[in-house]
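Engineer: Sequence:
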Amino acid sequence: FVVAGWSWSTDGNVWGNHGGADSWVLRLDAAGDTLWTKCYGGSDWDEAYAILQTTDGGYIVAGGTGSTDGDVSGNHGDSDFWILRLDAAGDTLWTKCYGGSACDMVEDMQQTTDGGFVLAGQSSSTDGDVWGNHGDDDFWILRLDADGDTLWSKCYGGSGDDEASAIQQTSDGGFIVAGYSSSTDGDVQGNQGSYDYWV
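Quick note on this note's numbering: the sequence shown kicks off at 4 and runs consecutively.
Don't take every hint at face value.
Beta-carbon label-pair distances, calculated as ranges [unchecked claim]:
(1) Gly135 / Gly176: 20 to 28 Å
(2) Asp188 / Thr58: 39 to 47 Å
(3) Asp150 / Val6: 20 to 28 Å
Hint data in this document are derived by calculation from the structure and do not stem from the laboratory.
A virtual CB, placed ideally from N, CA and C, is assigned to each residue, including glycine.
Given the sequences, and given the hints that come with them, work out the whole structure.
Structural biologist: This is how it looks when you write it as structure tokens:
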């Protein structure tokens, strides 16, 4: 198993904390015994929300960060999508921030059939890597190549709160995104009141 989250600890099973909450990844064997454990981050908060094993046997970790030092560079302000690409031993291959000057939070990701990645979350930014925001939080979908370079970036939503929770590549090469919305305008139609599932 591989497990990702975050930790404030500096003792016990946790070592190498950079300050505040660090992203913390554990690699376990079938009996739950630790094969390796590593912290990633900077002096502010760095939280891992999702991890996937990649086709080459390594891992990709998606989370959020408020740091601008340590393992984190290129933060655009407030919180950014923060992606770490790890090898099978947990050593960093690359790490990148994506976002704007407001709050950008990744919720889910998938490796795509071409070896790249697709990320889904929400953004209230209107600058940096984010454009086309409809107001408040929008679904924010980011398509990356295998090296983490941006292929495309798009916002979907209305003037209310629209937050993506999950994304999957479909058999035709497209994507399906699920989340929730309080909008009644823009890309959102048929809201039944308050927050609806939005696909």
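Engineer: All hints, please: hold or fail.
Structural biologist: Quick rundown of the hints versus the structure:
1. Gly135 / Gly176: 20 to 28 Å: The hint (20 to 28 Å, Cβ to Cβ) holds, given that Gly135 and Gly176 are roughly 22 Å apart.
2. Asp188 / Thr58: 39 to 47 Å: The hint (39 to 47 Å, Cβ to Cβ) holds, given that Asp188 and Thr58 are roughly 40 Å apart.
3. Asp150 / Val6: 20 to 28 Å: 26 Å, holds
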